[in-house]
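Colleague: Sequence:
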Amino acid sequence: RYFGSNKVKASFKVVTDWLWKQIMNDEQRASMSRYVPVEFLSFDMDDLGFVYTVSNQKGDAHSRLAKFNFLSDNVVPSQKKFGDLESTTDSGYVYTYPIDVSVDDSGCISVLDFERGRVFRYSSEMELLFVFGRTGKGIAGTLVSPAAVDNYKDKTLVLDSAAVTVTEFSPNGFGRKVSSALELYQSGQYEASIEPWREIAAVSEQFTLAYSGMADAEYMLGNYESAMNNYKAADDREGYLRAFRMYRTE
307 RYFGSNKVKA
317 SFKVVTDWLW
327 KQIMNDEQRA
337 SMSRYVPVEF
347 LSFDMDDLGF
357 VYTVSNQKGD
367 AHSRLAKFNF
377 LSDNVVPSQK
387 KFGDLESTTD
397 SGYVYTYPID
407 VSVDDSGCIS
417 VLDFERGRVF
427 RYSSEMELLF
437 VFGRTGKGIA
447 GTLVSPAAVD
457 NYKDKTLVLD
467 SAAVTVTEFS
477 PNGFGRKVSS
487 ALELYQSGQY
497 EASIEPWREI
507 AAVSEQFTLA
517 YSGMADAEYM
527 LGNYESAMNN
537 YKAADDREGY
547 LRAFRMYRTE
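Add 306 to the 1-based position in the sequence shown for the numbering used here, that's all there is to it.
In short, the hints are calculated from the structure, not lab data.
Don't be surprised by glycine CBs; every beta carbon is placed ideally from N, CA and C.
All clues given are correct.
Cβ-Cβ distance ranges computed for the label pairs, FRET-style:
id: 1; residue 1: Gln328; residue 2: Glu511; range: 54 to 64 Å
id: 2; residue 1: Leu527; residue 2: Phe438; range: 24 to 34 Å
id: 3; residue 1: Glu474; residue 2: Met552; range: 41 to 51 Å
id: 4; residue 1: Ala336; residue 2: Glu433; range: 39 to 49 Å
id: 5; residue 1: Asp379; residue 2: Met552; range: 20 to 30 Å
id: 6; residue 1: Ser476; residue 2: Arg554; range: 41 to 51 Å
id: 7; residue 1: Phe550; residue 2: Gly444; range: 50 to 60 Å
id: 8; residue 1: Glu501; residue 2: Asp379; range: 32 to 42 Å
id: 9; residue 1: Glu501; residue 2: Thr322; range: 49 to 59 Å
id: 10; residue 1: Glu505; residue 2: Thr555; range: 29 to 39 Å
Heads up, simulated BS3-like pairs for lysine-lysine below, C-alpha to C-alpha not over 25 Å straight-line:
id: 11; residue 1: Lys461; residue 2: Lys443
id: 12; residue 1: Lys459; residue 2: Lys483
id: 13; residue 1: Lys538; residue 2: Lys483
Modelling step: build the complete structure from the supplied sequences, incorporating the hints.
Modeller: So this is what it looks like as structure tokens:
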């Protein structure tokens, strides 16, 4: 059984050619270019059966990472964007080239960027957690030609096809604290997850995911006013409005 595919982007040329094909005969249509979706570069599957794929989508930060359910629907919210912000520098056009994807037992997702040798790690809710690694030679943690990424316990393993090595990245204390908070929340221990998120926020006020984590936990516990305050700190308008509606019904 086959399922899941990227969609052909409706550019001006694609739409124009489609209109021309409506008034052409079969021979003329056969001579025109065919537009096919960008192929998947790699995939992985989680314990729930969701299939994660990566594609080299220049100019489309949303479609670089997809999550397909058993109905072949990509369930990644349309506002989510993945990888680096694309830009033009003195060295040329810079973009993210996702070459591999891996999902660990907790549902966190690691996406390997071939262009810069970086690993983008996302939560199960597709929130960016960390970015680490880079291209280079002779320095610990650098990669010449990143080819594959996998996870083992709390470690991230990256294969370098040119150096013929596997580089192991281990989380520091901050990273372990984030993973602990996520695991507590995902296992239904909402109240227990608040304290590690609070400690994370005390260390880094700019890490807005800590406020989102506290807000989600407070919301699940029915503490809607506290949830509203934390959603506001996280600049999460949708979450704030959801908690506000529940607060008004109390």
